[in-house]
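S.K.: Sequence:
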Amino acid sequence: MPASPISLVSAGLPKRERLRGRRRFRALSHFGLYQEGEWLKLRGLYFAVALPGPPLQVAFSVSKKTLRKAHDRNRVRRLMREAYRQQKLFFLPYLRGGAAWLLWIGKGKTPPTLPSLQKEMRELFIRFCEACGLSS
Numbered sequence: 010m011p012a013s014p015i016s017l018v019s020a021g022l023p024k025r026e027r028l029r030g031r032r033r034f035r036a037l038s039h040f041g042l043y044q045e046g047e048w049l050k051l052r053g054l055y056f057a058v059a060l061p062g063p064p065l066q067v068a069f070s071v072s073k074k075t076l077r078k079a080h081d082r083n084r085v086r087r088l089m090r091e092a093y094r095q096q097k098l099f100f101l102p103y104l105r106g107g108a109a110w111l112l113w114i115g116k117g118k119t120p121p122t123l124p125s126l127q128k129e130m131r132e133l134f135i136r137f138c139e140a141c142g143l144s145s
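Numbering (the working numbering) for the sequence shown: 10 to 145.
FYI, nobody ran anything at the bench for these hints, they're computed from the structure.
Watch out, some of these pointers could steer you wrong.
[Claimed, not checked] Here are the computed lysine-lysine pairs in the PhoX-like style, where the Cα-Cα straight-line distance is at most 25 angstroms:
no., residue 1, residue 2
1, 50, 78
2, 116, 97
3, 116, 73
4, 74, 118
5, 97, 50
6, 78, 116
7, 118, 73
8, 97, 128
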């Protein structure tokens with residue numbers, strides 16, 4: 010089995026990288042930039058200076074209105090987390106020493122596949138960076 014260039018430690022999603030707190034979500038909803046795709050919505054807030062903690066903090070959400078069954082919502086959230094974990098090292102160079110809070114929201118009526126989520130997540134993040142004035 011060939012060695013992977015991404016270590017499991019660097020591609021994980023530790024608790025400190027999860028976005029939590031009512032004030033942070035309120036700031037994200039009031040001041041965050043909004044991008045929308047076929048399966049996902051992205052609400053993001055960029056800070057030009059580094060904040061204490063990790064440079065990227067993320068949250069994942071799927072509405073009960075979108076997918077009625079809990080096991081479907083849980084599956085989509087797991088897929089979103091996995092797609093993010095696999096792309097996290099792609100996202101970090103765009104921040105250039107700053108920090109960002111990201112909220113990924115699932116919106117499709119049918120559960121998406123992992124490759125389609127990965128592609129859309131990357132496209133939405135690039136559009137978010139362009140809207141913030143960042144580019145690689």
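S.K.: State for each hint whether it applies.
M.R.: Going through the hints against the structure:
1. 50 <-> 78: holds, 20 angstroms
2. 116 <-> 97: holds, 21 angstroms
3. 116 <-> 73: holds, 10 angstroms
4. 74 <-> 118: holds, 9 angstroms
5. 97 <-> 50: holds, 17 angstroms
6. 78 <-> 116: holds, 14 angstroms
7. 118 <-> 73: holds, 10 angstroms
8. 97 <-> 128: Between residue 97 and residue 128 the Cα gap is close to 13 angstroms, so the pair holds against 25 angstroms.
Going down the numbered hints, you'll see the structure goes against none, and every one checks out.
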